[in-house]
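Asker: Generate the whole structure from the sequences, applying the supplied hints.
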Amino acid sequence: MKSGKFWAWLVFALGAAYFFIPLIATVEFSMRMRRGEYSFDAYKVVLGDARFQATFGYSVLAAVFTIILGVLIVVPAAYWIRLRLPQLRPIVEFITLLPLVIPAIVIVFGYIRMYGSNSPLPFLATDTGTNALLVIGYATLALPYMYRAVDTGLRTIDVRTLTEAAQILGAGWGTIITRVILPNVLIAVLSGAFLTFAIVIGEFTMASLLNRPAFGPYLQNIGANRAYEPAALAIIAFAITWGCMSLIQILSRFAPKSANRPN
Amino acid sequence: MTDISLSDHAVTGKTAPPAEARSMRLPTQWLGVAPFFIFAIMFLILPTLYLMLGAFQNDAGEFTLENIAALAQPSIVAAYWISIKISLASSLIGAFAGLAIAIAIVRGGLPDWIRSATLTFSGVASNFAGVPLAFAFLATLGRLGLATVILNTVFGLNIYAHGFNILSFWGLTLTYVYFQIPLMVVIIVPAIDGLKKEWGEAAATLGATMSQYWRMVVIPVIWPSFLGTVILLFANAFGAIATAYALTGSSLNIVPILLYAQIRGDVLHNAHLGYAIAFGMIVITGLANVFYIWFRTRSERWLK
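First to last, the protein sequences are chains A and B. First residue of the first sequence: 695, per this note's numbering; consecutive thereafter. First residue of the second sequence: 1290, per this note's numbering; consecutive thereafter.
Just so you know, the hints here were simulated from the structure itself, not pulled from any lab data. Hints are not guaranteed to be accurate.
[What the hints assert, rightly or not] Simulated crosslink set (SDA-like; lysine to any residue; CA at most 25 Å straight-line):
| no. | chain 1 | residue 1 | chain 2 | residue 2 |
| --- | --- | --- | --- | --- |
| 1 | B | 1374 | B | 1539 |
| 2 | A | 699 | B | 1484 |
| 3 | B | 1486 | A | 713 |
| 4 | B | 1486 | B | 1392 |
| 5 | A | 699 | B | 1361 |
| 6 | B | 1485 | A | 838 |
| 7 | B | 1485 | B | 1582 |
| 8 | A | 699 | B | 1585 |
| 9 | B | 1485 | B | 1454 |
| 10 | B | 1374 | A | 712 |
| 11 | A | 699 | B | 1512 |
| 12 | A | 699 | B | 1485 |
| 13 | A | 699 | B | 1554 |
| 14 | B | 1374 | A | 713 |
| 15 | B | 1486 | B | 1506 |
| 16 | B | 1485 | B | 1399 |
| 17 | B | 1485 | B | 1509 |
| 18 | B | 1485 | B | 1539 |
| 19 | A | 699 | B | 1577 |
| 20 | A | 699 | B | 1539 |
| 21 | B | 1485 | A | 703 |
| 22 | B | 1485 | B | 1385 |
| 23 | A | 699 | B | 1374 |
| 24 | A | 699 | B | 1582 |
| 25 | A | 699 | B | 1385 |
| 26 | B | 1486 | B | 1500 |
| 27 | B | 1374 | B | 1361 |
| 28 | B | 1374 | B | 1513 |
| 29 | A | 699 | B | 1404 |
| 30 | B | 1374 | B | 1577 |
| 31 | A | 699 | B | 1403 |
| 32 | B | 1485 | B | 1374 |
Just so we're clear, the structure is a prediction, and the values are computed from it rather than from any experiment.
Answerer: Encoded structure:
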């Protein structure tokens, strides 16, 4: 058993080294902008850059719309399948796994060909349409996580009894979903939302191929043209991902059982 | 015929009263799932089908196998090959390293806080991919990266003189491993948790040594979910583009980067060849997932 413990520590130490050295190196590199001393100049430059603010704002907005769209699509479907159409569950689960099978670049390629300016549904003909298409694309990327989060949340409540109780009190479907079901799965929905946010905020492929002024393409552009700013941006992005995951963890403590990210 | 199917429906609908409710029910029955299905068909299934059909058509819209045959040209085969190699290498390294870490934190007798800290960190690191990850590795193992410089000045080892380059097969693989290991840890820890204590005790009672217990109990039980996860990691790496693109530009010609260039500027001078490349990617990740589902159902037999 003694030697087992030694190996466990060794493996853990090697793993920790592999994961922390790049983070330390990135922090160090990001502070090297001023010659001969450490400074936060790179962060100042990045945060003060008007394009950073614009693209970051754009991506935050896209993430918010993605979350709203995802909730509108997933919550009624997951609820309805639990309540009335359990026979559809395998089909829906299969569909929600598709975005993990079909690479994002293929999905967006399909959009570009199907919804171009000459097509019956010319999303790409206008700016608003293209923005909408980006949000739609992000919603497909987030679909697997959103669906599982919501479905796990629904599992912890008694959907049927709640629904019947609400119906007896005279509630319509809209009221049932927005005022009975949604508040009960709110924590699960929020976990899905933060995960969606983490995925969407720095997404590169779709935003770049749809020519949107999003954060991902901005990151790539800075990476190709600057030396120290990319390291600062990497640290900022890591902090954002960390923040989202911590919020999910904190939220899961308030959940009935576990509304954590299912895997 | 219609009569039978209708009464069938009434039976499965359980509470549905006869006659009038039947005709009323059907539309509302589907209303709740309609947005989901319309969305999935319009923005997930149809665009994919469109590309897959396009892969078998020429410019005039006639059926042809030429596009698929054109995938055999050396530059495209090379792109697929290097993509497969990187995905395979990063998924195998990620899987074994992830498994070792998972076993260490679950079974290694380490303090509890290490387990929860590792799991939290894995959740973060498995989502820390894309462009920023490339920046982090450039700052670490790039020509001026911290690790490169320290290895050179402290240990006198100039890795770039020894043929290492972050913009290469191994550079990209080492970078991908950064999100592959945590993904493996997140998925495999529940499987290792699922190993029942009684099995170890039973094995010990029957006189099994530690190595026999591992060889004959632990490994066979974990094996299917392990292989399943390897495949998931493979598909995960195969479709990824942002990290590679930010790291290497287009100097490393993996399939997603080739497709990216094709979408942007028709570098292959044949629109339908782009469809064929996309089709090939779907076939590879699709096959991988068929295996994944197969292994998954096998592993669920044990882990209940």
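Asker: Against which earlier hints does the structure fall short, listed by number upward?
Answerer: Hint check: 3, 5, 6, 8, 9, 13, 18, 19, 20, 23, 24 and 32 fail, others pass.
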